[in-house]
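Those protein sequence lines, which keep their order, are chains F and L.
Mapping of the first sequence onto this note's numbering: position 9 corresponds to residue 9, and the numbering continues sequentially without gaps.
In this note's numbering, each number is its position in the second sequence, counted from 1, plus 1000.
It is worth saying that the hints were derived from the structure and are not from the lab.
Please read all numbers here as calculations on a predicted model, not as lab measurements.
It is possible that part of the hints are untrue.
[Unchecked claim] As a list, the in silico DSS-like pairs of lysine-lysine whose alpha-carbon atoms are at most 27 Å apart:
| no. | chain 1 | residue 1 | chain 2 | residue 2 |
| --- | --- | --- | --- | --- |
| 1 | F | K66 | L | K1101 |
| 2 | F | K41 | L | K1101 |
| 3 | L | K1101 | F | K20 |
| 4 | F | K41 | L | K1078 |
| 5 | F | K64 | L | K1101 |
| 6 | L | K1073 | F | K41 |
| 7 | L | K1101 | F | K55 |
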Amino acid sequence: GAVVSQHPSWVICKSGTSVKIECRSLDFQATTMFWYRQFPKQSLMLMATSNEGSKATYEQGVEKDKFLINHASLTLSTLTVTSAHPEDSSFYICSARGQVNPYGYTFGSGTRLTVV
Amino acid sequence: AQTVTQSQPEMSVQEAETVTLSCTYDTSENNYYLFWYKQPPSRQMILVIRQEAYKQQNATENRFSVNFQKAAKSFSLKISDSQLGDTAMYFCAFSLPNAGKSTFGDGTTLTVKP
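Could you put the whole structure together from the sequences, leaning on the hints where they help?
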């Protein structure tokens, strides 16, 4: 139980375009989802916390207009990188929390974004 | 704010031997959770072990065990009988109850040598 699917696993987009990343909880209801960014050989940096049906809470320094997060249902949260630039290239990971796993330790497999 | 420190950027161990990864943290809270995660080259984050701060007994999961020293704010991970598949980056993490989000250390890259 407590499986999280993240899609796509990798994406290449042109500078100036937007890209959407999906995070789905497959077998449980995720009341909260977390979005992280990870640079090579570095730690995970929390970007935002998303609660179903409400606005996401962004960490300090994260541009909410650039990284749009939507958590419209109990099984799906999306991260949209708007007007992407090469510096947005990174590895993005989501994790989901629900009653089955109240500590938020179920992670998606991550999305490698490359902006060219 | 909580901080998590992993002072060993890289470690290596011979296959079948034992290795200990260090982690210290700082918090003013009394009730919290500590985790060790494994991130292999696939980059999938995998929970290795979890410890509740109110439990004195150290958590154990097969070959993985922790040494939790609450007063010293130390949470080390011991891997026994190391296997090649244990090669990965290991992250120590801290979380408060009901908060869900975790604070991660910088990670330790472990290489198991045949």
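For this session: Compare the distance between the alpha carbons of K41 of chain F and K1078 of chain L with 27 Å, and conclude whether the hinted pair is satisfied.
Result: 22 Å, holds
Practice task
Assess, step by step, whether the Cα of K1101 of chain L is no farther than 27 Å from the Cα of K20 of chain F, and give holds or violated.
Solution key: OK: K1101 of chain L and K20 of chain F at ~22 Å, within 27 Å.
Holds or violated: K41 of chain F with K1101 of chain L, Cα cutoff 27 Å? 21 Å, holds
query: For the pair supplied as a hint, K1073 of chain L and K41 of chain F, is the alpha-carbon distance within the 27 Å limit?
result: 25 Å, holds
Given the hinted pair K64 of chain F and K1101 of chain L, is their Cα-Cα distance within 27 Å? The given pair, whose Cα atoms are some 18 Å apart, holds under the 27 Å limit.
TODO: Would you mind confirming whether the straight-line C-alpha gap from K66 of chain F to K1101 of chain L stays at or under 27 Å?
DONE: Cα-Cα ~21 Å, so holds.
message: Need the status of pair K1101 of chain L, K55 of chain F: alpha-carbon distance at most 27 Å?
response: 16 Å, holds
Going through the hint list in order, the structure satisfies each hint without exception.
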